[in-house]
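Participant: Top line first, the protein sequences correspond to chains A and B. One point on numbering: in the numbering used here, the residue at position 404 of the first sequence is 404, and numbering is uninterrupted. Quick note: to get the numbering used here, add 1000 to the position in the second sequence (first position is 1).
Do not take every clue at face value.
As the list claims (entries may be wrong) - With a Cα cut of at most 20 Å, we get these calculated DMTMM-like pairs of lysine to aspartate or glutamate: (1) A:K560 - A:D736; (2) A:K67 - B:E1059; (3) A:K631 - A:E596; (4) A:K67 - B:E1023; (5) B:K1035 - A:E36; (6) B:K1035 - A:E309; (7) A:K67 - B:D1013; (8) B:K1035 - A:E171; (9) A:K146 - A:E323; (10) B:K1035 - A:E40; (11) B:K1035 - A:D33; (12) A:K303 - A:E190.
These are calculated hints, taken from the structure and not from any lab test.
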Amino acid sequence: MRPEHWLFTISLRLRSLFRWAQADQDLDDELRDHLERRTEEYFAKGMTQQEARRRARLDLGGVEKVKEECRDARRVNWIQDLILDLRYGLRMLAKSRAFTVVAILTLALGIGANTAIFSCINAWIIKPLPYPRSDRLMVFATHDKKNGWTGEHVTSPADFFDFQRQNTSFEQIVAWAGAGLNLTGDGHPELVDGGRVTWNFFDALGAKPILGRTFIPDDDRSGAPHVCILGEGLWQGRYAGNPKIIGRNITVGGEAYTVIGVMPGTFQFPLMGIANLWTPLALTDKQRADRSGSWLPAFGRLKPGVTQEQAEAEAGVFFSGLEKQFSQTNANLTWLVNSMTWDIRRKEGGPELMIVFVIVGLILLIACANVANLMLARATSRTREFAVRGALGATEGRLAGQLLTESLLLFFLGGVAGTLFGFWLMRLIESWIPGRIRGYMINYGHVDLDFVTLAFTLGIALVCGLVFGLAPAFQNARLDVNQTLKEASGQASGGQRGARLRRIFVASEIALAVVVLISATLVVKSFIISIRTSPGYNPENVMTAQLVMPRTKYINDSQKRNFGEEVLARLRALPGVASAGAASNVPFGGFGQGVEVEAVRRPSQPGERTGAGFAAASPDYFSTMQIGLVKGRFFNSADSQGSSPVVIITQSFAREFWPNEDPIGRQIRFGEQHTVATIVGVVRDIMRDHLRERGGWLMFVPLAQFPSSTLAFVVRSSADPTMMATAIRDAIWSVDNDQPISSAPLETLIAVVDAGYRVMTKLMAFFGALAMFLGTIGIYGVMAHLVSQRIHEIGIRMALGASPVQVLRMVIGSGLKLAVVGVAVGIVVALAATRSLTTLLYQVAPNDPLTFTAVPILFVAVAVAACYLPACRAMGVDPIVALRYE
Amino acid sequence: MSKPSDLVQGTLDMLLLKILALEPMNGFAVSQRLKQVSGDVLQVSDGSLYPSLHKLEQEGWITAEWRTSEYGRRAKYYSLTRLGRRQLEKEADNWGRLSSAISRVIKLKEA
Chain A
1 MRPEHWLFTI SLRLRSLFRW AQADQDLDDE LRDHLERRTE EYFAKGMTQQ
51 EARRRARLDL GGVEKVKEEC RDARRVNWIQ DLILDLRYGL RMLAKSRAFT
101 VVAILTLALG IGANTAIFSC INAWIIKPLP YPRSDRLMVF ATHDKKNGWT
151 GEHVTSPADF FDFQRQNTSF EQIVAWAGAG LNLTGDGHPE LVDGGRVTWN
201 FFDALGAKPI LGRTFIPDDD RSGAPHVCIL GEGLWQGRYA GNPKIIGRNI
251 TVGGEAYTVI GVMPGTFQFP LMGIANLWTP LALTDKQRAD RSGSWLPAFG
301 RLKPGVTQEQ AEAEAGVFFS GLEKQFSQTN ANLTWLVNSM TWDIRRKEGG
351 PELMIVFVIV GLILLIACAN VANLMLARAT SRTREFAVRG ALGATEGRLA
401 GQLLTESLLL FFLGGVAGTL FGFWLMRLIE SWIPGRIRGY MINYGHVDLD
451 FVTLAFTLGI ALVCGLVFGL APAFQNARLD VNQTLKEASG QASGGQRGAR
501 LRRIFVASEI ALAVVVLISA TLVVKSFIIS IRTSPGYNPE NVMTAQLVMP
551 RTKYINDSQK RNFGEEVLAR LRALPGVASA GAASNVPFGG FGQGVEVEAV
601 RRPSQPGERT GAGFAAASPD YFSTMQIGLV KGRFFNSADS QGSSPVVIIT
651 QSFAREFWPN EDPIGRQIRF GEQHTVATIV GVVRDIMRDH LRERGGWLMF
701 VPLAQFPSST LAFVVRSSAD PTMMATAIRD AIWSVDNDQP ISSAPLETLI
751 AVVDAGYRVM TKLMAFFGAL AMFLGTIGIY GVMAHLVSQR IHEIGIRMAL
801 GASPVQVLRM VIGSGLKLAV VGVAVGIVVA LAATRSLTTL LYQVAPNDPL
851 TFTAVPILFV AVAVAACYLP ACRAMGVDPI VALRYE
Chain B
1001 MSKPSDLVQG TLDMLLLKIL ALEPMNGFAV SQRLKQVSGD VLQVSDGSLY
1051 PSLHKLEQEG WITAEWRTSE YGRRAKYYSL TRLGRRQLEK EADNWGRLSS
1101 AISRVIKLKE A
């Protein structure tokens, strides 16, 4: 049809559709008018009134038939058919309530799991970062071209400021440093997560304050009047949302800061984590000129039209210049320029989330196979209904359309229920993410049922309804009417084709469930191994209390030393405390420090400088943490201020520097002061920043020799460490009642850092169980239906002398056959599929023999159990009753 | 179902268009006119007339409106649209070509 023709007629179609009652009325009138005239005509020719009317009707043929043909001419009949089908479908669903409820619940589980995971993917991976033109934002990394080392996000201040001045690629270049800031005055002292940032931080991100202003260049000079910006959370909490906060002085780190602005709660910067307080970076001239260490995190906003490659090329040229100019500090160093979006996404576990997405996809398939089976089973018990309708003139297409409509309706309702389940699951998943991690997640709290997610849900529901509705639709539509109607018993066997299809569905869903369950088991097993693996210390029953001493109050080393020793003495005196120690940082505490180290040798070997984790620790720290000593000794009270510096290093560190020698008594040089210290002990490797990644090189120095203004107290108690939190806090406040503290059990600190992995493990366990559940329901449903279809046959068998045990064996045997085939296919698929899980596995091979044996055995056992109920029913068949159906 | 064959159906459409091209009329009048002009040669039952009219209406070739007839009763009057006129020309053209081709074939002398 030509387009303009179509345009012209569409209004007619619409009219017939939406005003079909009117159109039908018109048709009635028109035909009645015709009949009247024709009757008059025949009457005028001399027939009786009655005869004339009869002839007129005969001429026209069946009035209803003509009407139907006229309606067909309107070509919108299929919509009216659809409405009829929908009504009929709803009636059928309402009639077989058990079927409907089971099918909708099954679909809700399958679809809801997809909705939940997709909403996470949508928020964390698909949606752009919440900054204007976020694709222009780039993060920097310092890269050592020679040894391949890359310091993510970090630059040295001098490199940073030089590049900021000279580059032509970026509109803005920003540096930031996350920091715990002590907030005192106005109530309890509080350690607030915050950041020190260059003045253009908010401008570059395009963030606007809800109150006051952001920083200006003048704020960012060393010695400028102190100003700060609050986060909405802190403002609402500590300052009760007082709008007069602007211009007020608050005490940050013991100094007065004027509040100049409040940022909205929705503003977040995942690279810094949760932040509720910002101050200008305000580096001193000396700090600005420092080129020796890369510690200053930085990002930039590209100028319009400049690409990432061009920017990186410019940085490359710039840094090769610096290499020549400052060969001492900048040899081999360059900057990498990466998209911020990519950088953040990478950390949000995109690949892992995709694995879960595949898993829930499989679960959806399992659920759909279940429902398709139910529909097939129901279709076979409706064969007579369809045969009758076929005999009355319904076409194959019309019958298939009816069944397809019912299937789509069912899947649509399943989609609606799935949305509810998905919403709940989504909130559950979000609640698994610990508070401290949320700040590092882009769009946290924005996981929602938005339009995209709803469209996705509805889309998969309808596509699945179409695909899985086709099988029952065509099976029934192609009935041999005569054959079916001849089967007098009314218990039509449904044909071998349907039964075979159902068996294929069940076997494949078992195979899928086996794949999911094996994957889940591998991940959960890895998790159990990883939490059972010693991190090099014993985190159980250890409470930590971390604090930062204000620079203004604790100026010299002896003040810091005295504070630490005083607190330790009081902690030891607390009832229930087994031992207490202190260190400049604890594993997973977030204060991780590092230094550059080299071995002191004559002659020194080139390229020996390396980075190592660093902590200053009190003698009791090692015994409190139960760190394993390999060689030498721990610190003691003799390692004091006056004595020569000593150091304890970890095993793998020692092995690297002195592979075949005894490290005790050797010396290393470290830090900015190039301090030389003698190794007195070697301890087991310690997991400080990551679980499942051993081999962090760590060195410890005595806290007495290297006093620190960041302190972490560790207290081992005989009971639940959380009971100690208040006592520990009071002990510290009895020394300094203005000192903010952040305290948590060591196990909690580890759990927070490990949160992503734990969430993954929970998800896999949850979905593994779900897959198993659905698979079990599937095999039960098919067996139950099979038995009810074969009641008659079983009755004959029993009448001919089959014993109940033989019947039991027959039913369970046929179920077992399905299960074994499904499980076997599942194992083969899983062997190939689990290789993609390697990133999630820890000390578990992707083809872990135990898992690959246990899961199939479990499945076969469950399948037998699922067959048992139907089998019992089969055994209980009374041959007389069964045969009476004849 | 007694659907006329494709040829007859197409021809019927053309005839109806032609009849309505002369003047707007209602279904009964169309039926009378058909009988009148074609005599008994074209047996168009009342039963197949109305579906054809409705089809033409849906195609947009004719349009219908309710009018009061000369005897004072409401009747549905069909009339030709611009699209319908174009369609009629096309079909009449086709018909002319087809019928002359057929008659040429029929008139071939046997050798």
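Participant: All hints are to be evaluated individually against the structure, with a verdict given for each.
Facilitator: Structure-based check of all given hints:
1. A C-alpha spacing of about 12 Å is found between A:K560 and A:D736, which places the hinted pair at or below 20 Å, so the restraint holds.
2. The hinted pair formed by A:K67 and B:E1059 meets the criterion: a straight-line CA distance of about 18 Å does not exceed 20 Å.
3. Proposed proximity of A:K631 and A:E596 is contradicted: the alpha carbons are some 23 Å apart, above 20 Å.
4. For a cut-off of 20 Å, the pair hint linking A:K67 to B:E1023 is broken: about 25 Å separates their Cα positions.
5. At most 20 Å may separate the alpha-carbon atoms for a hinted pair to count; B:K1035 and A:E36 meet this at roughly 18 Å.
6. Our distance criterion of 20 Å between C-alpha atoms is broken by B:K1035 and A:E309, whose separation comes to about 84 Å.
7. Between A:K67 and B:D1013 the alpha-carbon distance is near 18 Å, which keeps this suggested pair within the 20 Å criterion.
8. For the proposed pair B:K1035 and A:E171, the alpha carbon gap of about 87 Å is over 20 Å, so the pair is violated.
9. For the given pair, A:K146 sits about 13 Å from A:E323 by alpha-carbon distance, which is consistent with the 20 Å threshold.
10. A C-alpha spacing of about 17 Å is found between B:K1035 and A:E40, which places the hinted pair at or below 20 Å, so the restraint holds.
11. The suggested pairing of B:K1035 with A:D33 holds, with an alpha-carbon distance near 18 Å, which does not exceed 20 Å.
12. This hinted pair does not check out: A:K303 and A:E190 have alpha carbons roughly 40 Å apart, beyond 20 Å.
In summary, the structure is inconsistent with hints 3, 4, 6, 8 and 12 from the numbered list given earlier, while agreeing with the others.
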